[in-house]
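Place chain S on chain Y using the hints.
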Amino acid sequence: GIQVEQSPPDLILQEGANSTLRCNFSDSVNNLQWFHQNPWGQLINLFYIPSGTKQNGRLSATTVATERYSLLYISSSQTTDSGVYFCAAENSGNTPLVFGKGTRLSVIA
Amino acid sequence: NAGVTQTPKFQVLKTGQSMTLQCAQDMNHNSMYWYRQDPGMGLRLIYYSASEGTTDKGEVPNGYNVSRLNKREFSLRLESAAPSQTSVYFCASSRDRVEQYFGPGTRLTVT
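Chains Y and S, in that order, are what the protein sequence lines are. Our numbering numbers the first residue of the first sequence as 1 and each following residue consecutively. Our numbering numbers the first residue of the second sequence as 1 and each following residue consecutively.
Wrong hints could be hidden among the right ones.
Here are the simulated DMTMM-like pairs of lysine to aspartate or glutamate, each with C-alpha atoms no more than 25 angstroms apart in a straight line [claimed, not checked]: (1) Y:Lys-54 / S:Glu-99; (2) S:Lys-14 / S:Asp-26; (3) Y:Lys-101 / S:Asp-56; (4) S:Lys-57 / Y:Asp-27; (5) Y:Lys-54 / Y:Asp-10; (6) S:Lys-57 / Y:Glu-5; (7) Y:Lys-101 / S:Glu-79.
The following residues of chain S were derived to be distant from chain Y, with all beta-carbon distances above 10 angstroms [what the hints assert, rightly or not]: (8) Gln-17; (9) Asn-30; (10) Ser-67; (11) Arg-77; (12) Gln-85; (13) Gln-100.
None of these hints come from the bench; they were simulated from the model. In this text, a Cβ means the ideal position worked out from N, Cα and C, and glycines have one as well.
So that you can see chain Y by itself, here it is in the shape it has in the complex:
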């Protein structure tokens, strides 16, 4: 099945800094999603982005399907951005999303 790798595994930022999280996947995808798990454990869907670029406030995501990677950009980070960011990918209609192991982000005031 498809392999999903995220980098870096851990990231510490000063409040106000920008960051880029990367997701590499091993096969073509028809479904690529980014999630945020807050420190209380709740998982929130950020983007459904199998290709192209999307923006939502300070967050944006780009998937380059032909090169098998996706990037999540966080600008002007805030302490509320802390948590774990997961990328998940699916490469056929028969196999549901496979999750990466996540990037743990800590934003310090």
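Leaving out everything else, chain S in the frame of chain Y:
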């Protein structure tokens, strides 16, 4: 509109006991999923239901059974709990395999 709800929030079981985790969604989604999350392992799919009346195994189905009771409800059963099943369990749903929406999770400890 409650989204995805799960019960219970916490549970402690003794080895060999059985229990059922309940999940319901009010978004009229076709697909529903059960995941477990262990430290450092990300989320791993246990079972999923692409539509009412169908269920399929995921990556880690051993020791679990599921029932898609109707379009809204998808339950996960542990017939004989083992300490290796100590984990946080998440239910999720999606419309036709696009954005997935997660419930708040159930923290299960098996002693």
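A quick look at each hint next to the structure:
no. : hint                 : result
1   : Y:Lys-54 / S:Glu-99  : holds, 14 angstroms
2   : S:Lys-14 / S:Asp-26  : violated, 33 angstroms
3   : Y:Lys-101 / S:Asp-56 : holds, 23 angstroms
4   : S:Lys-57 / Y:Asp-27  : holds, 21 angstroms
5   : Y:Lys-54 / Y:Asp-10  : holds, 24 angstroms
6   : S:Lys-57 / Y:Glu-5   : holds, 23 angstroms
7   : Y:Lys-101 / S:Glu-79 : violated, 28 angstroms
8   : Gln-17               : holds, 24 angstroms
9   : Asn-30               : holds, 13 angstroms
10  : Ser-67               : holds, 18 angstroms
11  : Arg-77               : holds, 20 angstroms
12  : Gln-85               : holds, 18 angstroms
13  : Gln-100              : violated, 6 angstroms
Violated hints, in rising order: 2, 7, 13; the structure is consistent with all others.
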